[in-house]
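Colleague: Now for the letters of each chain:
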Amino acid sequence: MPVSTDSARYTAWLERRCAVLLQLTLGMVLLACFSTLSFAAEENDLAGKVKDPGTQLWNEVRQREGVLQGTTQVAGMDSAVLINVDGERWRQFRMQQLIPAAGLALGGILALIALFHLIKRGVPVAGGPSGKYLHRFPDIDRILHWSVATIFIFLAITGLILLGGRLLLIPVVGDSVFGALASASKEGHNLFGPLFILGIFGLFIRFISKNFLASGDIGWLLKGGGFFAGKHPTAGFFNMGEKIWFWAVIVIGLVISATGLILEFPFFGQTRSIMALSLVLHGVGAVLLIGGAFGHIYVGTAGMKGSLDSMTTGYVDLNWARQHHDRWAAECEANDEVLSQSEVARAQGRSTLGEVPEPVIKGES
Amino acid sequence: MTEFIDGPLWYFALTVFIVGVIWRISSIFFTGKKPDYSVPRQASTGGAVATVFTRFIPRRDMAPKIRIQTVAGYMFHLGLFALLLFAAPHVAFIEHHLLGIGWTPMPYWAFIVASQLAFLGLLILWLHRVLNPVTRLISDFDDHVAAILTFVVMLTGCLALMEGFTGLRVLHRFTVELLMIYFPFSRLMHAFTFIPSRAFTGAWFARRGVDA
Amino acid sequence: MSERLEKGLAAMRGQMDSRVASFLSTCVHCGVCAEACLFFTETSDPRYTPIHKTEPMRKLWSREYTFWGKIASKMGLKKPMTEADLADWEMLVYDGCSMCGRCSMVCPVGVDIAYVIRKVKEGLCAAGFSPEDLVAAGERARTIGSPMGVTEKTLRSTIAAQEKESGYKIPLDVQGAEYLALFSSGEIAGFPEFIGSLAKIFSHADVSWTISSEYFEATNTGVQLGNSKLAAELVERVVAAAQKLGVKYVISPECGHAYTTIRWDAPNFIGRPLPFKVVHIIELLEQLREEGRVKTNSTISDRLTYHDPCNISRRGGVLEQPRTLLNMVAPNFVEMTDHGSMNWCCGGGGGVSSNERANPLRAQAFGAKKRQLDEIQVKTMVTACSNCRHMLEDGLEDNEMDIELIGITELIAENLDTSGSPKAT
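Chains as they are written, first to last, in the numbering used here: chain A, 1077 to 1441; chain B, 56 to 267; chain C, 6 to 430.
One thing to keep in mind: the hints can contain errors.
Quick list of in silico lysine-lysine cross-link-like pairs, BS3-like style, CA-CA up to 27 Å [said to hold, decoys possible]:
| id | chain 1 | residue 1 | chain 2 | residue 2 |
| --- | --- | --- | --- | --- |
| 1 | C | K234 | B | K88 |
| 2 | B | K88 | C | K158 |
| 3 | C | K158 | C | K169 |
To be clear, the hints were calculated from the coordinates, so they are not data collected in a lab.
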């Protein structure tokens, strides 16, 4: 009998909820995409029908050939620019390209995940539960992971409200409610942002040593990680997919963090152009990470059965380890690090009191 | 709704809080103690007072094993006290609605940093509570409600930082009032009872001539 | 409610006081106490977390002594306590706790957890959920006068043997002697040389002392069981014996819990101050050394360390005296990393050693001591408690560790300066 029956039942419950949630979110996002696309299409209809006699004047005013700097007595960044195009450029980009693209990207990823799940239905542990366990993540790693996850989800939600709320939420909740929602999101997003930076710094310190390129990683990638067809390729403690995700979080996370800091503390000589560019990078980076997070959450919960345990209890089934991280499993077995069911049960306070648990004898399979 | 939360509910919460805290502390002392007929090695008052302060610092041999709880614990508690007592909106509130006097608040950036420390500390502490087998076993409903409610109070405060929307301010005040009502019936009382607790133990050990 | 449960709850209600109320109000379930407890650190089983062992008391307190708890219980919103709430805690409290008190030293909010566990024992014992070995020992203590069944006859023959072996007179039932010496049955049965050592030292130090044939037992099984009535009864026997002989002092021997009982708890069991002063043998030896009445003229060259018995050092307050004595006689004395008031328990105190069911757990808990000894690599270990000595010997044997164990009194006696002629006692 598997020791973590609670966890197994919880995982199954989670998988069912995830499937429903995915389908619902997919539907909502697709709906949002279609409505924004049609909205954008409408705007472009009128352009080019009537020629304006002051075109040249307005071209100069609009600074289509570049930002024009005048002279002024007013001190401050960009105060000598009469009409700043970057603000308008950003607004257009955001309303007409970034929001729809984000919707498509995120919706697309959700659709792919749903499709994958409909086909694969959650990859089971090869060989079933073995009754033996490996200790994969100690307390500190799990605490760090879930701290960053919580902060990330909060930043993602507040960030998406700030990104697309003006377009997508005002029609639904009205101006005054959105006003409060946006104010709350901005304050929350700005306060929790720096915590994300601390979080990914912590993740970096804890996991960098396990995320360097190793032999077998390119092979893993070329075989598609075994996700689609064929045998599960060999992998160490982290497989290539996880390593890519780690580096994505760190690198894109750094870009998001840096641009976030630039945006939150505009007292260091940032021009409007820098701010606009930062917004673009921040938004694009965030959407990429959110999409990646969808995949990460799926694989870690419903996608690969037995995975969630590593981040909740910290223990994984030996068969799961052999299946997904064979080189790491072999190393643990060679170092006598395999734990018996009763040992793990005792560490969770579930064994029979007074009984000394039997250790796993080396070589026992 | 706003009038109710700013008015009657506030007075109700304040009363429950003050009466409740006094009641709880008094009931500890009214439970009584039998006299100790043994011959003390020394007077216990010194030890009682000393232990109230020495327990703030973990013992050297224990420190490496309890680093997470210690670091996150201090981040949370110090951050919370700083923002509770020295954040400008709170100082203004205390001056207008409670004590009638105020004091110099800390600068805005310090308020934000204190809040960030408090949030991160509390998040790590609660995750530790859920993920560590020891705390997972011994924690009960009260522990989780206290942590989550405190987090919600802090979060609603953060969301209302711009001080531009009545709805957000009132939401924060409402959660504060819930916390005040919950406080005397819960483990949050440790904020006050840690003093007699440490003092009793300090006195017990001092009587025996041991530095505790 | 079953009769057993009712008895248990009534006993715990009788134990409720301000300290317990403040402790139970203040514990925030932080889990730091677990890291101080050898039963947790050596098994990783979270159920041995010290504060978890106090659950029966906490449940009672929350249901009957708190505002919301009282209302919720009356309204049927809180489940009433059941027998299982006591029965399920028997092994945690009796097998998995030696009352060493290390947890009480580290709690960030100052909870004296060992103090509360002692009170939980009252409830479990009254409800009949105590280990049968310990209950039997208590019965023997009550009827025979010794938990191990050591009779007056055995005492007399042991005294005679020790007189012969040591060459010193051992005074029995001397009216008006200054000091009355008590012994643990474990000493009489296992380490009788302690008695001979006392005779030698007291003879040369000119100490007026005696042993009472009517009552000699230092340990108190009532305390180990959590039976205040039995504890008081056993204390009264000591008081009666002391009063009959008119002694000024009672010497607590090399036994940890015996010391805390007679020195700190005894007067409270009988509800009045003791009619004599209590001194631990180490305290007396140190006092004699200070007065120049005990001198050593040789030393032991071994690299050795001192194992602090929890109830003599941490819970008893006798911390410096053994060290001063050892520095006199052992130039190669090294301390274990966690020593003094933060020593690690031998694992056998509080009745654990009398409880055969707890043997496997106790053997595992020895791992804490093993780690300490592996770190300092000594040949000899000195201690001041015969129970610790038994437990440590078992542990060393289990782990095939070649370390000699010696009692501190014996060590002093072996190296005593006997140049002055022995005085008549």
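Colleague: Given the proposed pairing of K158(C) with K169(C), does the C-alpha separation stay at or below 27 Å?
Modeller: holds (17 Å)
Colleague: Is the straight-line distance between the alpha-carbon of K88(B) and that of K158(C) 27 Å or less?
Modeller: Not satisfied, since the Cα-Cα distance of roughly 43 Å exceeds 27 Å.
Colleague: Tell me if the straight-line CA distance from K234(C) to K88(B) falls inside 27 Å.
Modeller: The hint holds at about 19 Å.
Hint 2 from the list above is the single one not met by this structure.
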